[in-house]
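J.: Residue numbers (the numbering used here), protein chains in the order written: chain A, 1 to 114; chain B, 1001 to 1108.
It should be emphasised that the hints constitute simulated quantities derived from the structure, not laboratory data. Treat the numbers as computed from the prediction; the structure is a model and nothing was measured. Hints may be right or wrong, so weigh each one.
[Claimed, not checked] What follows is a list of derived Cβ distance ranges for each label pair:
no. : chain 1 : residue 1 : chain 2 : residue 2 : range
1   : B       : S1019     : A       : E69       : 32 to 40 Å
2   : B       : E1060     : A       : K83       : 19 to 27 Å
3   : B       : K1063     : A       : D38       : 29 to 37 Å
4   : A       : T114      : B       : K1057     : 42 to 50 Å
5   : A       : E15       : B       : G1054     : 47 to 55 Å
6   : A       : E15       : B       : T1005     : 31 to 39 Å
7   : A       : T86       : B       : D1002     : 24 to 32 Å
8   : B       : E1056     : A       : S80       : 44 to 52 Å
Just so you know, even glycine gets a beta-carbon here, dropped at the ideal spot from N, CA and C.
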Amino acid sequence: DGGITQSPKYLFRKEGQNVTLSCEQNLNHDAMYWYRQDPGQGLRLIYYSQIVNDFQKGDIAEGYSVSREKKESFPLTVTSAQKNPTAFYLCASSILGGYNSPLHFGNGTRLTVT
Amino acid sequence: EDQVTQSPEALRLQEGESSSLNCSYTVSGLRGLFWYRQDPGKGPEFLFTLYSAGEEKEKERLKATLTKKESFLHITAPKPEDSATYLCAALTGNQFYFGTGTSLTVIP
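Extracted from the complex, chain B is given alone in its bound form:
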């Protein structure tokens, strides 16, 4: 069964304390792995697409990596404005499978 699992469910960090979010996937024929940021009461905002194992993408304090079984979203020296829920989704065929997200809180 195709599925995506994210961990941890929630993460509290001090400002400047780097960490990683995990997205494990079991899908047949991965066409792309997507990361989104979602603020409360809003729709998900696209961050990155990764297509193949070994690929990395960076944007400001965020860096996404991909292996054959999982993806990581590394957050370096986070700031309070990075607080949000981060979603990952795996695309197989024409179907997106979403994880339940990691709720990140960065404390000043």
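Just chain A, same shape as in the assembly:
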């Protein structure tokens, strides 16, 4: 079955450590996205990529970094510069060039930083 796989499901880190969240898709989608979800807030865009080796900052990119070396993979690194990293992180993908196609989401990674 095609889909988006995020790992791990739960992640615990100490303050000051960088951490990388994995996102892999086998939908052959060109575009990939990272969102952050916090209670009482809508999904907020961190980074997105429309093509390999290219990505753009979203609304809340500070303290995060990404890479897109393969079409299938879009890992997100939460750096120690992110002031409030504890959140639910969602990876998504969509067909680029498709007619206003929807986002398809993974099942998220819950990151807790103490």
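Model the placement of chain B on the given structure of chain A, informed by the hints.
T.: Relative to chain A, chain B alone:
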């Protein structure tokens, strides 16, 4: 400013009690209005896309409609398994704007 507002924040229904969820949007150049269902601890699951005012889409007990300012998700005779958070998102340009969701609880 582009934004999406959903109401109510939370809704409790008896099984079989029909109701509607609202998604109001103010975006320039709407390219599509999307509805998602999200279960606790999981990612949003795509339900519908609506492209133009007057359009309607149906799936089982759910029906989504769209006007020039808002979208409604009508739930007919809901069952406990319909309990979830329902999100809407407006696409303008290449940016999705998400609402904060409506948490629906259906009581047997």
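J.: State for each hint whether it applies.
T.: Against the structure, the hints:
1. Distance hint check: the CB atoms of B/S1019 and A/E69 are about 47 Å apart, inconsistent with the given range 32 to 40 Å.
2. At about 43 Å, the beta-carbon gap between B/E1060 and A/K83 misses the expected band of 19 to 27 Å.
3. The given range of 29 to 37 Å is respected by B/K1063 and A/D38, whose C-beta atoms sit roughly 30 Å from each other.
4. With their beta carbons about 44 Å apart, A/T114 and B/K1057 fall inside the hinted range of 42 to 50 Å.
5. Checked against the hint of 47 to 55 Å, the pair A/E15 and B/G1054 passes, with Cβ atoms roughly 52 Å apart.
6. Our hint of 31 to 39 Å for A/E15 and B/T1005 holds, since their Cβ atoms are close to 34 Å apart.
7. Here the CB-CB span from A/T86 to B/D1002 is close to 27 Å, well matched to the stated 24 to 32 Å.
8. With their beta carbons about 49 Å apart, B/E1056 and A/S80 fall inside the hinted range of 44 to 52 Å.
Hint compliance for this structure: hints 1, 2 are broken, all remaining hints hold.
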